[in-house]
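Colleague: Here is how the chains run, residue by residue.
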Amino acid sequence: MDQLKETLVSLRSVTRSVTLPDEQQLHILKGIDLEVHSGDHTAIVGRSGCGKSTLLNLLGLLDVPTSGELEFLGQPADRLGNNARARLRGSTVGFVFQQFNLLPGRTALDNVITPLFYANGREFWRRRELAMDMLDRVGLAARANTMPNMLSGGEQQRVAIARALVRRPRLILADEPTGALDVETGQSVMALLDTVATETAAALVTITHDTNVVALARACYRLDAGVLSPLTLAEAGVSA
Amino acid sequence: MTGVISTLVEAWQELRINKVRILLALMGVALSVAALTSVVGVGNLAREGYKVQSERNGGRVATLALSINGPTPPDPAKIEKVYQGIQQRYGITTSTHMGQTQAGFQFPRGVTPVSMTIVDIGYGTIHRVPLLQGSWFAADDGQRLAPAVVVSEAFYNQAGRPNLTTHPTVTISGDQPATAVIIGVVPDVYPDMPPAAFILTEGAAMTGMQPQMSEFKLWVGEEQADALTAAITADLQGQFPGYYAQANRVDYAAWGDPLAPVQLVVGGVAGLVLLLGAVGMLNISMVTVRYRVREIGIRRSFGATSGRIFVGVMMESVVATAVAGIAGVMLAVAVVKHPWIESKVAPGLTEYPAFPIDAALLGFGAAVLVGALAGAIPALVAVRVKVIDAIRF
Chain G
1 MDQLKETLVS
11 LRSVTRSVTL
21 PDEQQLHILK
31 GIDLEVHSGD
41 HTAIVGRSGC
51 GKSTLLNLLG
61 LLDVPTSGEL
71 EFLGQPADRL
81 GNNARARLRG
91 STVGFVFQQF
101 NLLPGRTALD
111 NVITPLFYAN
121 GREFWRRREL
131 AMDMLDRVGL
141 AARANTMPNM
151 LSGGEQQRVA
161 IARALVRRPR
171 LILADEPTGA
181 LDVETGQSVM
191 ALLDTVATET
201 AAALVTITHD
211 TNVVALARAC
221 YRLDAGVLSP
231 LTLAEAGVSA
Chain X
1 MTGVISTLVE
11 AWQELRINKV
21 RILLALMGVA
31 LSVAALTSVV
41 GVGNLAREGY
51 KVQSERNGGR
61 VATLALSING
71 PTPPDPAKIE
81 KVYQGIQQRY
91 GITTSTHMGQ
101 TQAGFQFPRG
111 VTPVSMTIVD
121 IGYGTIHRVP
131 LLQGSWFAAD
141 DGQRLAPAVV
151 VSEAFYNQAG
161 RPNLTTHPTV
171 TISGDQPATA
181 VIIGVVPDVY
191 PDMPPAAFIL
201 TEGAAMTGMQ
211 PQMSEFKLWV
221 GEEQADALTA
231 AITADLQGQF
241 PGYYAQANRV
251 DYAAWGDPLA
261 PVQLVVGGVA
271 GLVLLLGAVG
281 MLNISMVTVR
291 YRVREIGIRR
301 SFGATSGRIF
311 VGVMMESVVA
321 TAVAGIAGVM
331 LAVAVVKHPW
341 IESKVAPGLT
351 EYPAFPIDAA
361 LLGFGAAVLV
371 GALAGAIPAL
381 VAVRVKVIDA
391 IRF
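Taken in sequence, the protein lines are chains G and X.
Residue numbering for the first sequence is 1 to 240, as defined by our numbering.
Residue numbering for the second sequence is 1 to 393, as defined by our numbering.
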């Protein structure tokens with residue numbers, strides 16, 4: 001079983017700081033150690049402003065650490081150029097955002113097709129078919145030609161999930177995916193995300209405040225003032 | 001290959017989705033291109049009109065006029081011999097005598113003085129004589145017993161507008177009354193112009209017309225004009241010592257292109273119009289990119305490289321302005337080729353030239369260039385967008 005668990009992302013003593021307008025350094029992440037393997041379902045909890053999104057950006061190659069080592073599929077991230085990171089991100093990582101971030105003026109199908117514009121030849125030429133398959137998988141094939149503003153919040157997030165998964169990413173990063181949904185819809189969306197991630201053996205890393213989301217995770221971490229520490233599900237407030 | 005095609009497909013999709021906004025932005029570019037192309041097209045038409053009018057007056061490029069003046073009139077027979085010799089020596093095939101005189105013609109309302117121009121056949125070619133009816137003189141017209149005349153429209157009207165296929169005749173009154181045959185009609189040079197007519201040198205001699213002043217014109221290639229002017233002048237001075245004899249260029253282009261400064265000013269105005277269109281396009285593109293910051297961030301999160309974002313934003317602009325360029329050029333063709341515009345811009349032309357292809361290419365090329373420039377700056381802004389900030393925008 002462990003042989004199947006390939007290390008996707010590895011962070012060792014990673015820090016991330018930014019310089020404030022008054023020239024002071026703000027240390028957002030401090031000495032983060034984390035490994036994400038294929039098939040992992042990991043939840044990261046923490047208060048607002050504790051650095052959760054910054055951590056997610058590092059995991060998704062949207063940002064680079066100030067210090068420490070970040071390896072993505074065994075490659076040191078700091079040795080990858082912007083374009084190499086973009087290509088690796090496109091082929092390996094799928095993002096699900098709290099505010100869905102669907103592109104306005106485009107149908108659900110066009111939104112799901114968008115990542116396939118940056119795919120290789122075979123995926124690009126089959127983009128419509130692949131996108132329809134993924135919409136079918138999230139139960140929205142019938143609404144493929146509907147504009148986002150005509151979809152409910154839950155439906156929009158399902159379109160966003162279909163868009164994140166259409167290139168079969170090995171790592172799914174979800175930034176408070178239920179944050180803009182009611183409890184019931186949030187649960188169904190998370191169940192869908194969890195199921196699809198399990199089916200495709202993708203790793204799922206979710207940043208959340210929602211204990212229902214934490215309950216679906218196999219591992220949980222707390223991020224507090226930039227420091228990441230393991231957390232049991234019970235500590236996270238999830239009843240057994 | 002897939003990368004190029006996917007970039008084009010993506011750009012086209014963006015155009016399709018944002019068609020209303022882009023349509024508004026492109027109207028300015030299309031109108032600018034139409035203005036630029038129209039200005040160049042109208043400029044070319046006006047230039048052609050001016051050229052034709054000038055060549056009718058002074059002769060085609062390059063026309064040389066030979067003159068010999070001195071204390072006593074030179075022997076006409078010798079002059080004629082020298083002229084023939086010059087033509088043979090330099091292989092000049094198109095030439096004409098040109099003399100002015102007056103003759104009375106018998107019209108239904110009485111005898112009317114007519115301004116006569118005594119010419120050779122070559123005059124029609126050298127001065128691009130336009131014809132409303134009939135034909136210019138042919139080689140055998142000099143042998144006619146009743147001399148042929150090509151008349152102005154005022155003359156033709158006074159003669160009662162006879163049908164030329166019936167070979168209508170008019171009587172030249174005077175000491176030696178003669179009958180002439182009207183073979184062609186040319187337009188009046190200006191409104192309410194008195195009647196005028198052309199007659200061949202042979203016909204004039206037959207009817208006893210004596211030119212009050214005469215000159216001899218040669219049509220030569222523009223490249224050889226300067227060399228021939230010097231050589232012929234030297235020849236004339238050698239043949240007529242003590243006389244002021246010389247060859248001069250008399251066509252409109254003798255002192256350079258008189259329309260070049262006008263063309264430069266018009267071109268500058270057209271460029272300014274296009275620049276205004278480009279600034280409008282750039283302005284809208286900049287606003288659009290700011291509006292699309294989040295979208296760009298989202299695309300980056302899905303793997304779009306900075307190069308791809310740059311090309312994508314620029315291609316949208318280039319594809320759109322190319323379409324606007326085609327629309328602008330079509331509008332310009334419709335304007336420039338409108339019969340009313342043609343008749344006002346080039347009233348001297350009887351056949352209008354085709355729409356200049358260089359003006360169409362200039363308009364289209366300018367549109368694409370504007371698209372590339374107006375797209376490049378927003379594309380640079382788009383590339384510099386920080387993905388994390390953009391997604392939260």
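Warning: the hint list may mix true and false statements.
[Said to hold, decoys possible] Footprint (simulated), chain X over chain G, 3 or more residues, beta carbon under 8 Å:
| no. | stretch |
| --- | --- |
| 1 | 73 to 86 |
| 2 | 121 to 131 |
| 3 | 222 to 234 |
Quick caveat, the hints were computed from the structure, so don't treat them as lab data.
Here a beta-carbon is modelled for each residue, glycine too, at the ideal position from N, C-alpha and C.
Colleague: How does the stretch 222 to 234 of chain G fare against chain X when you require at least three residues with a CB closer than 8 Å, holds or violated?
Modeller: violated (count 0)
Colleague: Has the stretch 121 to 131 of chain G got at least three residues whose CB is nearer than 8 Å to a CB belonging to chain X?
Modeller: Per the Cβ count (3), the hint holds.
Colleague: How about the stretch 73 to 86 of chain G: do at least three of its residues have a C-beta closer than 8 Å to a C-beta of chain X?
Modeller: Three-residue rule met by the stretch 73 to 86 of chain G, so holds; n is 3.
Figure legend: structure checked against the earlier numbered hints; the only hint not met is number 3.
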